[in-house]
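**Q** Sequence:
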Amino acid sequence: MGRSVSYKNDEARAGKLQKQNMESGHLITQWGEKIEKTTNKDSVLAEYPRPFMVREAWQSLNGLWKYALCDKTEGKEKSDMPFPTHFDGEILVPFSPETRLSGVERQLKPDGVLFYERKVSFSPQILERYREEYRILLHFGAVDQRCEVIVDGRKAGSHSGGYLPFTRDITGFLKREQVLKAGGFKLGLMVLDDSDTSYHSVGKQTLKPGGMYYQATSGIWQTVWLEAVPKVYIKDIAWDTFYDEGEVSVQAELNLGEQRKGNAYAVRLTFLNGEYGEERFAAAEKKRFALPAFRSWSPENPYLYRVRLDLYEKGKEEACDSVESYFAMRKCSIGTDERGIRRIFLNNKAYMQVGILDQGYWPESMYTPPSEEAMLFDIEKMKALGFNMLRKHVKVEPQRWYYHCDRLGMLVWQDMINGGRKNKGWYVTYLATLFQLLRIQATDRHKFLLSRQDAAGRREYEQELAELTRQMKKHPSVVCMVPFNEGWGQFATAKMTNLVRGINPHIIVDSASGWFDMGCGDVKSLHWYFFKLKYKREEKRALALTEFGGYVQKIKGHVSHEKEYGYRIFHTKEELEAGYEKLMRDTVLPAVKGGVSATVYTQLSDVEEEINGLYTYDRAVLKLDSDIVRKWNQRMRGQV
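According to this note's numbering, the sequence shown is numbered sequentially starting from 28.
The hints are simulated quantities; they were obtained by calculation from the structure and are not laboratory data. Any given hint could turn out to be false.
Said to hold, decoys possible - List of simulated lysine to aspartate or glutamate pairs, EDC-like, C-alpha gap at most 20 Å:
no.	residue 1	residue 2
1	Lys581	Glu494
2	Lys64	Glu272
3	Lys68	Glu117
4	Lys376	Glu272
5	Lys500	Glu400
To be verified - Label pairs and their computed distance ranges (CB to CB):
no.	residue 1	residue 2	range
6	Glu63	Glu344	46 to 54 Å
7	Gln57	Phe557	50 to 58 Å
8	Glu160	Gln490	32 to 40 Å
9	Phe269	Lys202	47 to 55 Å
10	Gly237	Phe557	14 to 22 Å
For each residue, glycine too, the CB sits at the ideal point set by N, CA and C.
Produce the entire structure from the sequences given, and follow the hints as far as they go.
**A** Structure representation (structure tokens):
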């Protein structure tokens with residue numbers, strides 16, 4: 028690690044975000060209030076973080092860590108900054124240091140470095156497994172943007188990319204005698220974040236927030252946890268469902284340890300609810316088998332097949348590893364309805380997807396849902412209002428969020444996180460809107476205009492899109508991938524569409540949501556806020572109205588910023604409801620009858636200055652009467 032120093036000083040400790048960046052911290056949800064009141068900080072987001080693949084021996088590392096934030100590196104290479112010997116205080120993980128719930132409320136800037144440290148005491152279960160020479164895996168749900176992991180003073184690996192989970196096997200970095208004596212080890216993390224000053228995936232984060240762009244966050248923002256695994260273990264599980272054939276395939280990816288052969292192991296698959304008999308197969312095999320009279324998954328009947336995979340060394344009776352998983356039988360495709368209209372199909376039937384734009388921000392914790400109950404609130408309330416789809420907008424949620432969509436029956440359209448240099452709004456928003464009105468075909472070849480001039484950024488985007496698609500394939504609720512939104516960092520659209528299809532052929536692809544349609548993908552994707560809605564049905568692709576509305580009403584006492592942003596302002600609930608009903612009656616419902624087979628209203632909740640949500644930012648007030656929203660959603664669903 029090099030020389031140890033202290034970054035603790037009065038200026039750093041007193042440093043706060045600028046007033047414009049602090050405003051959101053004054054608003055808090057009911058779940059955030061509970062966290063601030065609890066004395067047991069280790070209980071924060073302590074649920075099992077990876078429901079797709081559950082293993083018994085695990086331990087959450089959420090809770091209070093020490094932190095130090097070095098604002099300036101004074102000409103030194105950031106990656107070479109020595110680890111501090113003194114810290115600025117405590118931070119509540121997994122909340123970003125910019126947030127109220129973190130207890131810090133300071134901004135990590137591009138020329139700064141953020142350090143974390145904590146003493147990890149193994150739980151009795153993990154310590155017992157370690158004594159038995161199990162491997163210890165360290166998992167991070169997400170760390171924004173780049174980080175170096177430090178275990179007992181030694182570098183144990185790095186990671187780049189602020190939105191996807193990563194794992195490090197830290198067994199070889201632990202000092203065994205010391206760990207067995209002390210019952211744990213010292214864990215550190217060094218974090219760098221260029222935010223929106225580089226080409227990395229950034230979503231809507233910005234160092235200069237306003238309008239539809241929001242306060243940047245950094246550091247750990249999803250659960251950190253440990254897992255004890257045997258020397259040979261199941262590293263991952265890949266399911267493929269073949270709906271028309273009534274079959275499913277499964278493949279277990281193994282970590283074989285030292286010089287072991289995969290054909291020396293076998294897997295036994297057991298259906299935990301007893302729907303079918305056991306399946307046994309060689310661990311290196313991709314096993315495909317039939318499911319006679321299977322149950323389909325849909326929002327109305329979100330049936331999950333829950334299974335256990337036991338790994339055996341051939342010739343031995345006792346399993347060396349066991350994990351629980353799940354899959355579902357569903358098919359999302361494009362088909363032709365009885366009127367000859369190309370529509371989105373679910374399980375071989377035309378199915379109207381009535382969605383809402385879901386950005387997943389919280390006033391006290393920004394990117395991180397404050398609790399399990401908060402995640403469930405958004406999903407369940409939207410389902411109760413008659414929505415059957417959420418478009419997760421340029422953000423990736425914790426894995427438990429997708430699990431709840433899987434089990435509750437909520438379809439998901441997953442946006443890829445946009446990257447590249449700062450968007451040129453005059454081109455990708457204003458001029459693109461005019462192009463749409465005049466029916467001028469834009470192109471994705473202008474790398475400078477679309478902020479994709481960095482070859483390294485394009486390569487990074489492609490790698491992250493592939494990884495995100497593989498992650499989303501685990502979830503039956505995810506029925507559509509959206510590589511690009513409104514020309515933000517868009518490039519090689521057809522190639523990226525084919526990349527997604529190659530990884531997951533069982534979903535549809537909205538290649539370019541909004542303005543810069545390149546004629547590929549499964550849907551012609553329309554955004555409509557201004558002028559008159561114009562559309563033309565196509566012979567191959569379905570039509571989707573993937574953003575519309577954005578109607579604003581400011582609810583006093585439930586906003587985080589003085590400024591307001593949206594697409595049409597209403598001053599009373601009655602005015603808002605009248606405007607909403609007119610919108611649905613005169614434009615949206617006729618469009619559904621005319622061929623639009625998916626809609627996405629903007630948006631689920633207010634976010635900072637953008638106060639066009641159905642709910643206020645703190646989720647305390649539903650601005651429209653629930654019966655009105657439900658009525659129009661039911662009418663749209665009844666047209667298909």
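**Q** So, for every hint listed, does it hold in this structure?
**A** Tested hints:
1. Lys581 - Glu494: 39 Å, violated
2. Lys64 - Glu272: 54 Å, violated
3. Lys68 - Glu117: Holds: Lys68 and Glu117 sit about 11 Å apart, inside 20 Å.
4. Lys376 - Glu272: 16 Å, holds
5. Lys500 - Glu400: Violated, because 25 Å separates the two Cα atoms, which is more than 20 Å.
6. Glu63 - Glu344: 46 to 54 Å: Once the Cβ atoms are compared, 51 Å apart, the range 46 to 54 Å for Glu344 and Glu63 holds.
7. Gln57 - Phe557: 50 to 58 Å: The hint (50 to 58 Å, Cβ to Cβ) is violated, given that Gln57 and Phe557 are roughly 36 Å apart.
8. Glu160 - Gln490: 32 to 40 Å: 34 Å, holds
9. Phe269 - Lys202: 47 to 55 Å: Given range 47 to 55 Å: holds, Cβ gap about 49 Å.
10. Gly237 - Phe557: 14 to 22 Å: 20 Å, holds
Checked against the numbered hints above, the structure violates hints 1, 2, 5 and 7; every other hint is satisfied.
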